[in-house]
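Chemist: Chains A and B, in that order, give the protein sequences.
Just so you know, we're using this note's numbering here: the first sequence kicks off at 386 and counts up by one.
Just so you know, we're using this note's numbering here: the second sequence kicks off at 32 and counts up by one.
To be clear, the hints were calculated from the coordinates, so they are not data collected in a lab.
Do not rely on the hints blindly, as some may be mistaken.
What the hints assert, rightly or not - Using C-beta positions, here's what the derived DEER-type ranges look like:
1) B:K294 x A:R520: 33 to 43 Å
2) A:E481 x B:T388: 27 to 37 Å
3) B:K285 x A:K423: 47 to 57 Å
4) A:V422 x B:E359: 31 to 41 Å
5) A:D535 x B:K221: 38 to 48 Å
Said to hold, decoys possible - Calculated cross-link-like contacts (lysine to any residue; reagent style SDA-like; alpha-carbon spacing at most 20 Å):
6) B:K314 x B:D228
7) A:K446 x A:L426
8) A:K480 x B:R276
9) B:K289 x A:M477
10) A:K423 x B:P364
11) B:K94 x A:N415
We put the beta carbon where it would ideally sit given N, CA and C, even for glycine.
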Amino acid sequence: MATPAANPAPESELVAVPEHFAVATLRGWNSDAILSVKTALGETTVTLAREKIREACDVLKHAGYNFLSDVTCLDMLPVEPRFHVIYHLLSMSRKERVRLKVPVNSTDAAVDSIIPVWPAANFYEREIFDLFGVRFGEHPNMRRIMMPEDWEGHPLRKDYPVEGYR
Amino acid sequence: MSTYAPLLHPHESVETGDRTMVLNMGPQHPSTHGVLRLVLEIDGEIVVNIAPDIGYLHTGIEKTCEAKFYQQVVPLTDRIDYLCPMTNNLAYCLGVEKLLELELPPRAQWLRVLLNELTRIQSHLVWLGTHAMDLGALTIFLYCFREREEILRIFENVSGQRMMTSYFRVGGVSMEPPLDFWPRVRAFLKKMPEKIDEYQNLLTGNPIFINRLKNVGHLSAEDAIALGVTGPPLRASGVDWDLRRDMPYSSYEKFDFKVPISKECDVWARYIIRMEEMRESVKICLQALDGMPEGPIKANAPKVVLPDREKMKTQMESLIYHFKIVTEGFTVPAGEVYQAVESPRGEMGYYIVSDGTAKPFRVHMRNPSFATLQAMNKMCCGRLLADVVAVIGSIDIVLGEIDR
């Protein structure tokens with residue numbers, strides 16, 4: 386377990402930690418799109434406005450975050466915005482990751498697809514649509530991927546019982 | 032954009048036009064390595080389009096994880112990618128340990144590296160046997176499974192299970208390996224390089240094998256990165272990227288090994304790279320055996336790690352901790368981590384979100400095969416139907432981890 390330092394240094398003596406490169410890049414592009422930045426356990430999470438995600442991915446891709454590791458989703462029921470779509474980007478040159486987070490309301494659960502930036506997002510976005518019911522705008526093939534086509538409900542939502550409906 | 036999207040709708044009749052026909056491959060096809068279904072649009076012998084149809088093995092593991100204690104998730108991770116159980120255990124345990132900010136003793140880390148590399152050899156042996164068998168070289172399958180059997184026996188020796196090992200636990204490994212574990216591993220590693228030579232004697236110079244593999248399934252580096260391909264297929268496309276070396280975990284930075292890459296971008300390059308990786312894994316295992324540190328195999332965190340059996344029977348405090356962990360689990364501070372490791376198939380990432388209770392709020396697995404499958408269209412379109420079998424073998428998919 387990490388033990389807190391016995392005598393925390395006064396604020397004036399703290400060395401300024403350089404800002405994460407991805408955060409600096411996004412601030413340089415459009416600081417209004419950033420809702421919050423959080424660094425914990427050595428990982429940086431940037432929460433972005435829903436409308437800006439595709440552009441933000443494009444900006445980061447050109448800044449060196451060349452690889453889309455993962456796209457997934459969280460269901461925060463009963464809090465609104467209910468869904469958080471999570472993107473994990475990797476920069477192979479900087480050996481660094483960044484996590485993007487997009488809050489989505491349950492009344493209009495839709496995000497722009499990032500397939501134009503990374504075609505790899507195709508299956509991930511279909512998976513999120515299938516298991517969470519979040520739609521991705523302009524996705525060319527927005528169908529279920531894991532569950533059968535005629536399945537009712539979205540199993541990874543928190544209000545879906547673990548044993549299924551019987 | 033549309034070139035990446037499967038145009039076919041597997042559940043509807045397809046407008047075929049007058050030149051092409053639709054062929055259904057799988058889910059019960061011997062060379063789809065499980066229950067993968069491919070809907071192929073073909074023009075004579077030429078593949079025009081491929082739509083993978085997955086989900087036949089979907090068991091909702093991510094949902095199940097949310098209903099289990101943190102320690103109960105470990106056996107579920109074995110069942111995701113059943114060819115590399117230790118790698119799954121490792122990625123999950125590292126993720127939870129990061130959330131707990133646990134420091135592991137060196138012996139536990141080195142043991143994990145040793146077993147992880149044995150797992151990589153084991154997984155590559157299954158790949159080699161089945162890949163060659165798909166292409167008609169039946170003998171090699173028996174050779175590979177002969178050596179794989181020895182690794183499985185070593186796993187049984189150390190963990191009590193051949194395949195679903197669950198040997199790594201949050202905070203270390205489950206128990207100290209038995210004394211005969213060390214000579215068995217050493218004896219196996221001593222003869223393994225000769226065995227790899229034997230496989231290469233059977234295949235590398237074989238003209239039929241070469242013709243089936245060379246210049247087949249071309250995937251450029253740009254396409255590989257754009258489509259999320261990782262692991263040996265990415266390195267076969269000339270991208271020098273290996274998480275073990277570039278973003279080390281579990282003290283991989285202390286090991287000396289090469290990352291084989293190739294710029295040929297075809298099925299042959301993926302074959303050569305996996306063969307070289309097996310040799311490198313043998314080297315890593317030997318370094319781990321030679322330099323294995325002494326000391327405890329579990330972190331000093333009584334609220335998380337189960338106490339030794341001996342202490343549990345004799346000390347009241349240990350008995351209480353044991354009872355509490357088994358009945359209520361251990362709580363993990365709220366937070367989120369993404370922990371990726373290099374599995375035999377590529378980047379295996381675990382995204383774990385904790386809400387401060389004893390059960391994970393969300394466990395998501397980023398599986399290499401799931402992403403790599405998207406590259407099928409790029410690799411097969413415009414090529415012969417028979418090459419599809421070679422390409423499926425070369426990306427080494429495991430349907431358990433695709434469908435989860």
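Chemist: For which of the previously enumerated hints does the structure constitute a violation, in increasing order of number?
Modeler: Failing hints, ascending: 3, 5, 7, 11.
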